[in-house]
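Trainee: Read off the chains here:
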Amino acid sequence: MLGGDDVAPDLTDVRRAVEAASVAETARITATLIRVTGDWSLAEDCVQDAFARALVDWPERGVPGNPGAWLTTVAKNRAIDRIRNAASEKRAVGELAVLTELEGLEDGSGGYRAAGDDRLSLIYTCCHPALPLDARVALTLRTVAGLTTREIARAFLVSEATMAKRLVRARAKIRDAGIPYRVPPPELISERTSGIMAVLYLLFNEGYSATGGSSLVREPLALEAIRLTRLLSALLKGSPQEPESLGLLALMLFHHARRRTRTDAAGDLVTLEEQDRGFWDQSAITEAVALLAAADHLGVSLRSGPCSYRVQAGIAACHMTAGDFGSTDFARVAGLYDSLAQIAPSPVVELNRAVAVAMSQGPEAGLALIDTLDRTRSLEGYYLLPAAKADLLRRLGRQSEARSEYQRALDLAPSETERRYLGKRLAEADPGATAEFIPNESATATQHERGQE
Amino acid sequence: MEYMLFICSDPSAPEYVAAEDNIVEWVAEMEARGVARHGDRLRPVEDATTVTVRAGEVVVSDGPFAETKEWIAGYDIIACADLDEAIEVASKHPMARFGKIEIRPVWPLGE
Numbered sequence: 001m002l003g004g005d006d007v008a009p010d011l012t013d014v015r016r017a018v019e020a021a022s023v024a025e026t027a028r029i030t031a032t033l034i035r036v037t038g039d040w041s042l043a044e045d046c047v048q049d050a051f052a053r054a055l056v057d058w059p060e061r062g063v064p065g066n067p068g069a070w071l072t073t074v075a076k077n078r079a080i081d082r083i084r085n086a087a088s089e090k091r092a093v094g095e096l097a098v099l100t101e102l103e104g105l106e107d108g109s110g111g112y113r114a115a116g117d118d119r120l121s122l123i124y125t126c127c128h129p130a131l132p133l134d135a136r137v138a139l140t141l142r143t144v145a146g147l148t149t150r151e152i153a154r155a156f157l158v159s160e161a162t163m164a165k166r167l168v169r170a171r172a173k174i175r176d177a178g179i180p181y182r183v184p185p186p187e188l189i190s191e192r193t194s195g196i197m198a199v200l201y202l203l204f205n206e207g208y209s210a211t212g213g214s215s216l217v218r219e220p221l222a223l224e225a226i227r228l229t230r231l232l233s234a235l236l237k238g239s240p241q242e243p244e245s246l247g248l249l250a251l252m253l254f255h256h257a258r259r260r261t262r263t264d265a266a267g268d269l270v271t272l273e274e275q276d277r278g279f280w281d282q283s284a285i286t287e288a289v290a291l292l293a294a295a296d297h298l299g300v301s302l303r304s305g306p307c308s309y310r311v312q313a314g315i316a317a318c319h320m321t322a323g324d325f326g327s328t329d330f331a332r333v334a335g336l337y338d339s340l341a342q343i344a345p346s347p348v349v350e351l352n353r354a355v356a357v358a359m360s361q362g363p364e365a366g367l368a369l370i371d372t373l374d375r376t377r378s379l380e381g382y383y384l385l386p387a388a389k390a391d392l393l394r395r396l397g398r399q400s401e402a403r404s405e406y407q408r409a410l411d412l413a414p415s416e417t418e419r420r421y422l423g424k425r426l427a428e429a430d431p432g433a434t435a436e437f438i439p440n441e442s443a444t445a446t447q448h449e450r451g452q453e
Numbered sequence: 001m002e003y004m005l006f007i008c009s010d011p012s013a014p015e016y017v018a019a020e021d022n023i024v025e026w027v028a029e030m031e032a033r034g035v036a037r038h039g040d041r042l043r044p045v046e047d048a049t050t051v052t053v054r055a056g057e058v059v060v061s062d063g064p065f066a067e068t069k070e071w072i073a074g075y076d077i078i079a080c081a082d083l084d085e086a087i088e089v090a091s092k093h094p095m096a097r098f099g100k101i102e103i104r105p106v107w108p109l110g111e
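Top line first, the protein sequences correspond to chains A and B. Using my numbering, the first residue of the first sequence is number 1, and each one after it goes up by one. Using my numbering, the first residue of the second sequence is number 1, and each one after it goes up by one.
Just so you know, not all the hints are guaranteed correct.
Here are the computed lysine to aspartate or glutamate pairs in the EDC-like style, where the Cα-Cα straight-line distance is at most 20 Å [unchecked claim]: (1) LYS165(A) with GLU274(A); (2) LYS173(A) with ASP82(B); (3) LYS173(A) with GLU102(B); (4) LYS173(A) with GLU85(B); (5) LYS173(A) with ASP21(B); (6) LYS69(B) with GLU2(B).
Facing chain A, from chain B, some residues (calculated, C-beta under 7 Å) [what the hints assert, rightly or not]: (7) MET1; (8) ASP21; (9) ASP82; (10) ILE101; (11) PRO105.
Beta-carbon label-pair distances, calculated as ranges [stated by the list, open to error]: (12) PRO132(A) with GLU88(B): 15 to 25 Å; (13) ARG377(A) with TYR75(B): 46 to 56 Å; (14) ALA341(A) with GLU88(B): 29 to 39 Å; (15) LYS165(A) with VAL24(B): 36 to 46 Å.
No lab work stands behind these hints: they were computed from the structure. In this text, a Cβ means the ideal position worked out from N, Cα and C, and glycines have one as well.
Throw the hints in and build the complete structure from the sequences for me.
Mentor: Below, the structure written as structure tokens:
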């Protein structure tokens, strides 16, 4: 406990130092301990113990000059103790080699060899396709982001016991099915890196979907996803996958910039057109624009293929840099959806493209595309198709057709939030109003809650 | 590590094209690589017999242990460095295209 000593540091400063170290060091130390010991549970526990020790030790003796080194020493010593004290029947093969390597680990946090590689090995393994998707997300949060099992459980609205079991199962599968702990070889690297990014983007979107939980619990997930994507980009620096990771980061930051305006006081969805751009986070937008430019530039020089996240970020950039909805460059948006349809074709992409075409070429052109899509029945049951159709019909003055399409959309709407939104549209007389459908908003449109700072 | 590949039928898979069935090449490659341990086709489920012993009595019945639309058409035991290699081996098997393949790690007694 803190005494009245002038020399003892402020407890808030200590907590801040521990938090900062947690962000910077958890992945690094965990990744290396896993590589050396092959034991995920042991590695996670030792890192957690080290942070717990810091919270006790640093208030007494001050925050160390090199927190990373201090934590590494404590964690590795803990690992050495636990391995030595383990029951002798369960002695692991090659234990002496493990102990030797642990003892020999340099303490400088930037010092031990291939620290970057270790973290990449960790992330690739956490996101291995043989693990169930929810386990990939949980394991990444636990070992790379350093969240406790309890924090992860709360964020995903399950009991701590359930989340603990999920993590135990995942570690067991890695061990028993022989998932290798490494950066994948060249022939696998592209698909596996896409796999990591899919996990991070899923995590980001989880931060904005509030399936019953409060945004206080969920938005940190979006922030965590951004932080992890920054880490990934840094680790991929110079590799052909770097542009894609920067594109993903830009996409996340563009979405994140709108967090204060996505829902209104009642928790209802606010469309892009209606959002008050004065409340958009301009520094996030500026950073995203710069990242996207860097990503595109790198993509050319590294000869990386076209990539879905960079194109999606390009579409977001058009919206986010326009002063108002009306002055958005919809022709460019439509063109980017053309590219997206080539890279990652899907009926939803086709629908969004049709809406962009309607905005740039007029409602008739868009309606023709939507009618074609409707006939394929590939979006049967997806409420945004009739909703988009209804808006275009209304703009063309075909009110009774518009009403029946709104009704069709209402019948398909997945929750109260969408029904309220469509109900409002149905009641609206204003022929100039349209809804803009950005994949992120529509994909996570369930029960939105007001974003918190 | 040893893995068992369960070579399974899959009614939703693309239609079987005999000309694209390169099982002979697959066997040759895997034997050359030292990956293949043992494997063969299995007669279809019409030729299966299921045995249980209940209350001391041996019960014999015709057919597979479970009635499913998918059934096991063959097996291969392979030895690979890790799961990624097992996945690569399985993905090259023609039945990965015309059926599905389950990869199950072998669990020796005593481990």
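Trainee: Determine for every hint whether it applies to the structure shown.
Mentor: Taking the hints in turn, this is what the structure says about them:
1. For the given pair, LYS165(A) sits about 44 Å from GLU274(A) by alpha-carbon distance, which is inconsistent with the 20 Å threshold.
2. Between LYS173(A) and ASP82(B) the CA atoms are separated by roughly 12 Å; this keeps the pair inside 20 Å, and the hint holds.
3. Annotation: proposed proximity of LYS173(A) to GLU102(B) holds, straight-line Cα distance about 15 Å (limit 20 Å).
4. This hinted pair checks out: LYS173(A) and GLU85(B) have alpha carbons roughly 16 Å apart, not beyond 20 Å.
5. Taken as a hint, the LYS173(A) and ASP21(B) pair is broken in the structure, with Cα atoms around 32 Å apart against an allowance of 20 Å.
6. Annotation: proposed proximity of LYS69(B) to GLU2(B) is violated, straight-line Cα distance about 28 Å (limit 20 Å).
7. Interface hint status for MET1(B): upheld, as the beta-carbon distance to the closest one in chain A is roughly 4 Å, under 7 Å.
8. Here the hint on ASP21(B) is broken, as its CB sits about 24 Å from the closest CB of chain A, past 7 Å.
9. Annotation: interface hint on ASP82(B) holds; nearest CB of chain A at approximately 4 Å, less than 7 Å.
10. Hint on ILE101(B) is violated. Least Cβ distance to chain A is approximately 13 Å, over the 7 Å limit.
11. Against a cut-off of 7 Å between C-beta atoms, the interface hint on PRO105(B) holds, since the closest Cβ of chain A lies about 5 Å away.
12. Taking 15 to 25 Å as the suggested C-beta distance range, the pair PRO132(A) and GLU88(B) conforms, at roughly 21 Å.
13. In this structure the hint that ARG377(A) and TYR75(B) lie 46 to 56 Å apart at CB is violated, the actual value being about 40 Å.
14. Separated by about 31 Å at the C-beta atoms, ALA341(A) and GLU88(B) satisfy the suggested range of 29 to 39 Å.
15. Between LYS165(A) and VAL24(B) the Cβ separation comes to about 45 Å, which falls inside the hinted range of 36 to 46 Å.
The earlier numbered hints that this structure contradicts are 1, 5, 6, 8, 10, 13.
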